[in-house]
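Residue numbers (the numbering used here), protein chains in the order written: chain B, 1092 to 1299; chain Y, 1092 to 1299.
Simulated from the structure, these hints should not be mistaken for laboratory data. Be aware that one or more of the hints could be misleading.
Stated by the list, open to error - Cross-link-like lysine to aspartate or glutamate pairs, in silico, DMTMM-like; alpha carbons within 25 angstroms at most:
hint	chain 1	residue 1	chain 2	residue 2
1	B	1228	B	1185
2	B	1136	B	1292
3	B	1184	B	1269
4	Y	1174	Y	1226
5	B	1231	Y	1150
6	Y	1231	B	1150
7	B	1231	Y	1130
8	B	1228	Y	1130
Protein chains: 2
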Amino acid sequence: MKTIVLFSSLVLGCLAQKPHPCKSPPLLTGSLSVVAHHDLMAGAKYTYDAFGQRIRFREIGSYQNQTFWIDALLLFREGVIYKINHQNHTCKKEKLRADFHPMEVPNNATLLGQVILGGSSGPGEGLLVNSWYGEMKQGKYVSTVTEFGCLPVSTLFHTERTGWILTSFFNILIGIEDPQDFFPPEFCQDAVSDNKGEPADFYSLFIE
Amino acid sequence: MKTIVLFSSLVLGCLAQKPHPCKSPPLLTGSLSVVAHHDLMAGAKYTYDAFGQRIRFREIGSYQNQTFWIDALLLFREGVIYKINHQNHTCKKEKLRADFHPMEVPNNATLLGQVILGGSSGPGEGLLVNSWYGEMKQGKYVSTVTEFGCLPVSTLFHTERTGWILTSFFNILIGIEDPQDFFPPEFCQDAVSDNKGEPADFYSLFIE
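Work the whole structure out from these sequences, hints included.
Structure, rendered in structure tokens:
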């Protein structure tokens, strides 16, 4: 009986109709990792607000064996990214391109398929997910989200310049701990926007 | 009550002691995908026998927008790989290097961490996994397996020459359908081993 209950979510998912693009819960807290290029690995804790189109994340990474640390606030609606240095109390404010980030599946994405990560032979051994793909001006993507809860699991993003970038999501909680995560710190108020060069996007934080 | 049962596997896992390297079930059938380089994507159906150290897989892929198709039998114990062409009834037999393949976590791997892919806020929304890393002569790896069942979920493998290669595993069943999957076809009996060049490994099937 227990087993029947345990499997019910997987089975119900398998019997359900073809999935439609879904909306993740609007407020999420979690961790992510980014692997790209020949030698980039980074991990970040993030807070995401889909209502306000805002992401805050604190990230530690390693690129060509050099460790780096970033605290960043991405305000997609305002088209602004703050790169925050708490040690020096300094702030870099840059233009942010708002067309794609891996926390959401774009509305016009196409279903690549529904699979079970791991397996379905025993309880706790698998996760039912839907993979979506699409193409946009900057590149192409494959986004994978859970069938239940529509939580992000991984995103592959490809551009000519960068090759494949893998973002994996884990330890996600629904809700946020501190709404002030989305406020730039006091010392950022006077930061002047740097409008030179291309606007940044989500991945610029990892790959210059 | 239902919810309590549904969460029990995740919770039990979280409360369990630090994970130790585990052995996957010895006979597995499933699918995998490989993403690498600037423009490689491939998918394969595979059958794996850990007792006999054998993998058979039928793979379809795309590299630089060219589609390719491979049927291969990897016999690690014999150190031989057969690349089978059913259309022409031909067979290429090559030396196989047996030191690493992504279906198993090496015994001397180090625990990178235990995480929940997706989340734990609702039933069916997350998968408890352990990630292991290590380094060997050819490169370094990060292997992720389920806490329950020790099924492979993904492997990242990095060499200087290839950069990161991502292998993801899904739709895994315990057991195999046909033990004859591990026999080379009749027309392979006379294939002569090609001993020129470096021995092949698991990834040579995808990246030359």
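Hint by hint, here is what the structure shows:
1. Under the criterion of a C-alpha separation no larger than 25 angstroms, the hint pairing residue 1228 of chain B with residue 1185 of chain B is consistent with the structure, at around 21 angstroms.
2. Restraint check for residue 1136 of chain B and residue 1292 of chain B: satisfied, since their Cα atoms lie roughly 18 angstroms apart, inside the 25 angstroms limit.
3. A C-alpha spacing of about 22 angstroms is found between residue 1184 of chain B and residue 1269 of chain B, which places the hinted pair at or below 25 angstroms, so the restraint holds.
4. Straight-line distance between C-alpha atoms of residue 1174 of chain Y and residue 1226 of chain Y comes to about 28 angstroms, which puts the hinted pair past the 25 angstroms bound.
5. With a C-alpha separation of about 22 angstroms, the suggested pairing of residue 1231 of chain B with residue 1150 of chain Y holds against the 25 angstroms cut-off.
6. Proximity of residue 1231 of chain Y to residue 1150 of chain B is assessed by CA-CA distance (about 22 angstroms); at most 25 angstroms being required, the pair is judged to hold.
7. Note on residue 1231 of chain B and residue 1130 of chain Y: the hinted pairing holds, with a Cα-Cα distance of about 11 angstroms set against a maximum of 25 angstroms.
8. Of the supplied pair hints, the one linking residue 1228 of chain B and residue 1130 of chain Y holds, its CA atoms being roughly 17 angstroms apart against a limit of 25 angstroms.
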